[in-house]
Amino acid sequence: MSIPASATADLPLAAEAPAAADALAPARWRTAARRFLRHPAGLVGLVLVAVVAGAALLADVIAPSDPFRTVAGPLQAPSRAHLMGTDNLGRDMLGAVVHGARTSMVVVLGVAVLSSVVGLAVGVVAGYRGGWVDDVLMRITELFQAIPRFFLVLLIVALFGAGVDHLIYVLALTSWPTLARVTRSETLSLRDREYVDAARSIGATDRRIVIRHIVPNVLPTALVVIALTGSRVILLEASLSFLGLGDPSVMSWGYLVANAQRFLRVAWWMSVFPGLAIAIAVLGINLMSDALNDVLAGPSNRASRRRGRRSRNR
Amino acid sequence: MTWRYVVRRLLQVLPAVASILVVTFAIVHAAPGDPVVAVAGENGDKAYYDFMRAKFGLDRPLPAQFLTYSTDVLRGDLGVSYVQGERVSTLIAERVPATLLLMGTALVASTLGGIVLGALAARRPFGPFDLTVSTVALIGYALPVFWMAQLAMLTIAFRTGWFPIQGMTTARATYAGLAHWADVGRHLALPALVLAASEIALVTRIARTGILTEMRQDYVRVAESKGLSASGALVHHALRNALLPIVTVVGSRIGFLFSGAVLVETVFGWPGLGRLVLSAAQTRDHPVLLGMVLLVAFSLVLSNLLTDLLYARVDPRIRYR
Numbered sequence: 001m002s003i004p005a006s007a008t009a010d011l012p013l014a015a016e017a018p019a020a021a022d023a024l025a026p027a028r029w030r031t032a033a034r035r036f037l038r039h040p041a042g043l044v045g046l047v048l049v050a051v052v053a054g055a056a057l058l059a060d061v062i063a064p065s066d067p068f069r070t071v072a073g074p075l076q077a078p079s080r081a082h083l084m085g086t087d088n089l090g091r092d093m094l095g096a097v098v099h100g101a102r103t104s105m106v107v108v109l110g111v112a113v114l115s116s117v118v119g120l121a122v123g124v125v126a127g128y129r130g131g132w133v134d135d136v137l138m139r140i141t142e143l144f145q146a147i148p149r150f151f152l153v154l155l156i157v158a159l160f161g162a163g164v165d166h167l168i169y170v171l172a173l174t175s176w177p178t179l180a181r182v183t184r185s186e187t188l189s190l191r192d193r194e195y196v197d198a199a200r201s202i203g204a205t206d207r208r209i210v211i212r213h214i215v216p217n218v219l220p221t222a223l224v225v226i227a228l229t230g231s232r233v234i235l236l237e238a239s240l241s242f243l244g245l246g247d248p249s250v251m252s253w254g255y256l257v258a259n260a261q262r263f264l265r266v267a268w269w270m271s272v273f274p275g276l277a278i279a280i281a282v283l284g285i286n287l288m289s290d291a292l293n294d295v296l297a298g299p300s301n302r303a304s305r306r307r308g309r310r311s312r313n314r
Numbered sequence: 001m002t003w004r005y006v007v008r009r010l011l012q013v014l015p016a017v018a019s020i021l022v023v024t025f026a027i028v029h030a031a032p033g034d035p036v037v038a039v040a041g042e043n044g045d046k047a048y049y050d051f052m053r054a055k056f057g058l059d060r061p062l063p064a065q066f067l068t069y070s071t072d073v074l075r076g077d078l079g080v081s082y083v084q085g086e087r088v089s090t091l092i093a094e095r096v097p098a099t100l101l102l103m104g105t106a107l108v109a110s111t112l113g114g115i116v117l118g119a120l121a122a123r124r125p126f127g128p129f130d131l132t133v134s135t136v137a138l139i140g141y142a143l144p145v146f147w148m149a150q151l152a153m154l155t156i157a158f159r160t161g162w163f164p165i166q167g168m169t170t171a172r173a174t175y176a177g178l179a180h181w182a183d184v185g186r187h188l189a190l191p192a193l194v195l196a197a198s199e200i201a202l203v204t205r206i207a208r209t210g211i212l213t214e215m216r217q218d219y220v221r222v223a224e225s226k227g228l229s230a231s232g233a234l235v236h237h238a239l240r241n242a243l244l245p246i247v248t249v250v251g252s253r254i255g256f257l258f259s260g261a262v263l264v265e266t267v268f269g270w271p272g273l274g275r276l277v278l279s280a281a282q283t284r285d286h287p288v289l290l291g292m293v294l295l296v297a298f299s300l301v302l303s304n305l306l307t308d309l310l311y312a313r314v315d316p317r318i319r320y321r
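If you're matching them up, the sequences are chains A and B in order. Sequential numbering from 1 applies to the first sequence in my numbering. Sequential numbering from 1 applies to the second sequence in my numbering.
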């Protein structure tokens with residue numbers, strides 16, 4: 001029996017269309033943005049991140065001179081001239097901290113972009129194609145998760161050298177597996193939804209289905225994971241430079257805290273301000289990711305997550 | 001616990017070990033720089049380099065080299081430190097006890113503390129105490145552990161003067177027996193407190209969620225309907241079952257405890273693996289860092305295995321997946 005073309009236009013297909021377009025629609029993101037701004041944690045997180053990002057962007061305005069240059073006497077307590085005091089070499093701590101923000105933000109952005117591209121690609125392909133492709137990709141993902149990140153990163157940086165570019169590659173290399181796994185399980189739950197079937201039945205190519213229907217719907221969950229990756233990366237970068245494995249040619253918060261160690265008794269400000277900067281950045285991103293989780297996981301998403309979990313248990 | 005489960009779980013160790021060996025071998029091989037030039041210097045002639053290459057087996061095909069590497073590692077031979085000229089396994093073994101003491105103390109303290117805090121928070125969900133605990137935990141997550149260590153020095157050690165801030169024993173003191181351990185304990189208190197504080201948020205959250213889930217179960221309601229008070233039901237019934245998930249995460253926490261211990265040790269001058277890692281990081285002493293990667297990775301495999309078996313022993317519902 002052949003179905004007239006006009007009939008399919010009105011029937012289930014049309015009913016499913018809004019659900020498919022749902023994630024793509026700017027309206028949904030606008031609603032999410034509005035709810036995010038009304039979310040107390042989201043707002044506080046946004047402000048904290050904005051402070052750090054602003055400091056990073058305006059580093060040259062706030063502290064125009066080279067942060068490594070001696071500008072005053074050594075170990076001066078915070079004063080009007082030097083709001084965060086000076087370090088053992090008479091360098092301005094405020095300048096060091098804002099230039100450290102720049103390093104931290106560059107590393108986080110670089111890692112976020114690289115690991116998102118790899119993680120999303122691997123996760124979507126593995127989940128959508130299934131079969132041996134899925135098996136191979138997931139075994140590779142597990143390979144990268146077999147070793148604790150901190151020590152793996154230490155070894156790689158020591159072997160390959162510590163520049164900001166290296167740091168970004170290494171941290172991205174160890175960051176994408178979590179996102180890949182989450183993306184894969186989301187894709188698995190989306191792959192057999194009615195609207196994807198509907199798109200397939202009207203002849204959409206795999207590429208179109210993935211780009212128009214899978215990726216936009218994976219994105220909300222992925223964003224939460226990416227944000228959490230960001231805060232982990234800040235802590236990892238700080239720990240690395242604390243141990244002397246950061247890029248020596250740029251200021252970084254971990255280096256500043258390590259440098260404060262010998263002067264702890266006489267110059268608390270050398271430790272307190274850079275440490276506070278790390279805490280503010282990490283707390284801000286964590287709060288934002290909490291709020292994103294609340295705001296973006298709409299009813300449709302929550303249902304999909306339940307479905308995903310059930311299928312994994314089987 | 002069935003034997004079938006035990007065997008299956010033991011077999012799962014093999015791919016994990018293989019992954020660790022493959023990844024570390026690949027990383028060391030992909031690293032720039034010729035190891036022969038690094039050892040023999042820049043000025044050797046080709047015949048000399050070839051001789052060295054043959055001597056260290058670097059002329060052999062990669063699979064053969066991988067096999068040698070794997071057997072060496074599994075036998076506990078981790079090579080020789082570039083800088084200190086000693087066997088890596090010796091260097092690590094010398095420092096493991098101090099680190100294990102610190103990690104063990106922090107593990108016990110954070111687990112007990114987390115259970116108590118979680119149980120107190122679960123008594124009145126979203127009450128003032130619960131909200132305070134979760135806010136503090138949120139902030140605690142954001143503090144880098146090495147900075148927390150410095151803050152502890154600034155706020156506790158310097159102010160009160162009760163705690164020594166460097167090392168494991170008082171220099172030049174000749175304590176023996178109990179007095180010696182009391183001295184170690186005084187040195188241990190602050191680093192262990194900091195390491196435990198960095199871990200306690202996670203345990204608290206798991207304990208709180210676990211207890212709240214269990215409190216909704218029928219058997220708790222039965223206990224309460226028979227006249228047991230809410231806190232009695234919590235302590236005698238819900239807590240026991242809520243403890244299970246806390247046991248399972250101990251395995252995965254070992255990795256964080258290792259990295260946390262390394263960072264805390266460098267601040268407090270604790271004579272464990274931390275200072276070894278610090279000096280190896282600063283001198284780019286790869287064999288030592290590789291040894292640390294292997295040590296932590298294998299510890300993780302082992303502790304995951306042990307917690308899974310323990311879990312299966314405690315909870316008869318666990319079979320295999």
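Keep in mind the hints are simulated off the structure, nothing from the lab. Any given hint might turn out to be false.
Claimed, not checked - With beta-carbon atoms standing in for the labels, derived distance ranges: (1) D165/A x D45/B: 47 to 55 Å; (2) P15/B x V117/A: 43 to 51 Å; (3) L74/B x G130/A: 30 to 38 Å.
Claimed, not checked - Stretch by stretch, here's where chain A covers chain B in the computed footprint (C-beta under 8 Å, at least three residues): (4) 109-117; (5) 252-261.
What the hints assert, rightly or not - A few chain B residues that don't get close to chain A, going by computed Cβ distances all over 12 Å: (6) F66; (7) R87; (8) G140; (9) Q150.
Please read these numbers as outputs of a predicted model, since none were measured by experiment. Think of the CB as a built atom: it goes at the ideal place given N, C-alpha and C, for glycine as much as any other residue.
Contradicted hints - numbers only: 1, 2, 4, 8 and 9
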